[in-house]
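Peer 1: Each chain is listed here by its residues.
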Amino acid sequence: MSAAAAPRAASCTLERRGERVVLVLAGDWLLARGGPSAAGELHDVTASGARELGFDCTALGDWDSLLVTLLHRLDAACEQAGVTLLGDGLPEGAQRLLALAGAVPRRGEAPPAHPVWWRRLLGGQILAGAWRGLLDALGFIGEIVLACGRLLRGRANTRAVDFFWFLQQTGPAAIGIVTLISVLVGMILAYLGSVQLRQFGAQVYVADLVGIGMVREMGALMTGVIMAGRTGAAFAAQLGTMQTREEIDAVRTLGIDPTEFLVLPRLLALVLVMPLLTLYSGVLGMCGGALVALGMDVSWTQYLNETRNAVTLAHIMTGEAKAVAFGVVIAVAGCHAGMRCGRSSEAVGKATTRAVVSAIVWLIVADAAFNILYQRLGI
Amino acid sequence: MRTGDPHIEVRGLTMRYGARVIQRDLEFTVNRGDVFVIMGGSGCGKSTLLKHMIGLLEPATGEVLYDGVSFQRAGAAGRDALRRRWGITYQSGGLFSAMTLAENVALPLQQYTPLDAAAIADVVAYKLALVGLAGFEDYYPSEISGGMQKRAGLARAIALDPEILFFDEPSAGLDPLSSRLLDELILHMRDALGVTVVIVTHELASIFAIGNNSVYLDAESRTMLDHGDPKELRERSRHETVRRFLARAGTEGT
Ligand SMILES: Nc1ncnc2c1ncn2[C@@H]1O[C@H](COP(=O)(O)OP(=O)(O)O)[C@@H](O)[C@H]1O
Ligand SMILES: [Mg+2]
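Respectively, the protein sequence lines represent chains A and B. Heads up, the first sequence is in the numbering used here, so the first residue is 1 and it goes up one at a time. Heads up, the second sequence is in the numbering used here, so the first residue is 1001 and it goes up one at a time.
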């Protein structure tokens, strides 16, 4: 591999010399410059009927893997056609590399199949997979219920330190974003209502709309969405990474139930934090609404009185019940995705996506169910 | 630039994480065609030194020269040009799990060569054959064993015919047979490709089997104790610690 002055284009030509064919290699064969595809030569070698293939490298300049790649292909083609490849005309380094590449025989068996997504859709595999996932999720919930039972009897391997750690991670650390979103949602509700109410000169009822709207509905829902994106995704990523690093296997083989040890502290922390954050979100939403109302000639005391009349304990409790359920949904979706994660970094990404998507879908489904239930019960 | 000329020179290198000094005043030369072993006990800073050599970490003081060119003083373009000449294999393979082996090896080729898809596929097939993985093009990393992942990582590292190959603990987590095969493969690569090899390991069997130059980092004194051919250091090192470290080879029997 001497340093040539001016680079010359790579070329190869086939010549017949008596019994053997000779491939004349010339120019610089470098990956960085590319070379001829040599498909024709490859075909001619096998079709020529010659018994031997030799090489003439007198005009060969610089070379690297590009040349050996060609030789490697020739080697395979010659072996198939029963032509003997005589490497002695080649540079010594190339002969060595060629021998090294041929040292381990090619593996015969076919690689595992990786069908594309639409084939799997047509084959029903995606539907079947979703169904299996649902059944598996039910099983997972069953495991959690059993683990909770053991916890109540004081026989579970759930560590208090873990619980407090997740409490800190899910609660105080989320205050900032919950504050921002809640104030904005409160303002949005107020603007929405004021357009209608102003037509009747009833701006003061904005307080009712915002208060009840936040406490019954938007507080829990918005907090749920934030926590699904923030905490549910984090749970899935943490557990998924533990899965790829065989940490969950280690937990299991130490005789510790991973549901008790890993899932319960996360679930309990989120279930405790969600109602508190929802309450906080409701209060801040009303503040946001008040800001808008003050700009529409409603006084601060009017707004406060109106809110106090409208928002009853029943309203608050309906919101809190939702918050608890949402906490369960988010934690289960996140932990389930994480615990069932595959063993590669790509699988962690998929698990995180699945955690957030299924948490949000089930959040909305649960919210609708709650509203139908409340309607029937007349709460 | 012939075999035996200085290839990598480490000059007055001090490495720190924050205020904590890991190693200070490292000074050694790796010659062209060497298999250079970075050795020392666990936690003495071997991986840290490797990361400084490949520019993932900035030195507290000192510099690393490649063919007399300082990596630290090179600009962004100069650093890129230097990096292009290295192949690096990571402790756990470092393969992209969302890509097949063929796509993994093809990535640097697509990035830095003008070759078309068919030509790249040919080069990939050749590189995988070199590391003994012919026929595994369409496997994903998760579908092959740990030893095969290391070899696939090596195939990606040599995709662009590097001048220097860096390895961090290539035989960690491999069975003795796979680890010996990998050692042999590294030697074959060195002989056939004429590359310089820098390798982090504390496997004594590997150190003597493939190393012809080395540096010993000491965790206690936080500096290098000795450097040179490991077989000579075993007999004639000025430092008792180094001789003892290397003499364990006989008793371990691996
Ligand atoms: N990113 C980091 N930040 C701070 N300290 C580190 C970091 N990585 C390693 N260390 C510390 O530096 C020392 C050397 O680490 P390392 O180079 O990984 O050792 P080894 O010789 O086993 O490869 C260790 O004490 C380790 O704790
Ligand atoms: Mg290390």
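Derived by calculation from the structure, the hints in this document are not laboratory data. Since the model is a prediction, treat every value here as computed from it, not as a measurement. Hints are not guaranteed to be accurate.
Said to hold, decoys possible - Distance ranges between label pairs, derived from CB positions:
| no. | chain 1 | residue 1 | chain 2 | residue 2 | range |
| --- | --- | --- | --- | --- | --- |
| 1 | B | R1248 | A | Q125 | 48 to 56 Å |
| 2 | A | G82 | B | E1027 | 37 to 45 Å |
| 3 | A | V116 | B | D1229 | 50 to 58 Å |
Stated by the list, open to error - Going by beta-carbon spacing under 8 Å, a handful of chain A positions derived as facing chain B:
| no. | residue |
| --- | --- |
| 4 | A26 |
| 5 | L31 |
| 6 | S65 |
| 7 | P91 |
| 8 | Q169 |
| 9 | S345 |
| 10 | E346 |
Cβ coordinates follow ideal geometry from the N, Cα and C atoms, glycine included.
Peer 1: Hints first: check each against the structure and report whether it holds.
Peer 2: Here's how the hints hold up against the structure:
| no. | hint | in the structure |
| --- | --- | --- |
| 1 | R1248/B / Q125/A: 48 to 56 Å | holds (54 Å) |
| 2 | G82/A / E1027/B: 37 to 45 Å | violated (59 Å) |
| 3 | V116/A / D1229/B: 50 to 58 Å | holds (54 Å) |
| 4 | A26 | violated (18 Å) |
| 5 | L31 | holds (5 Å) |
| 6 | S65 | holds (5 Å) |
| 7 | P91 | violated (11 Å) |
| 8 | Q169 | violated (25 Å) |
| 9 | S345 | holds (5 Å) |
| 10 | E346 | holds (4 Å) |
Hint check: violations occur at hints 2, 4, 7 and 8; the rest are consistent with the structure.
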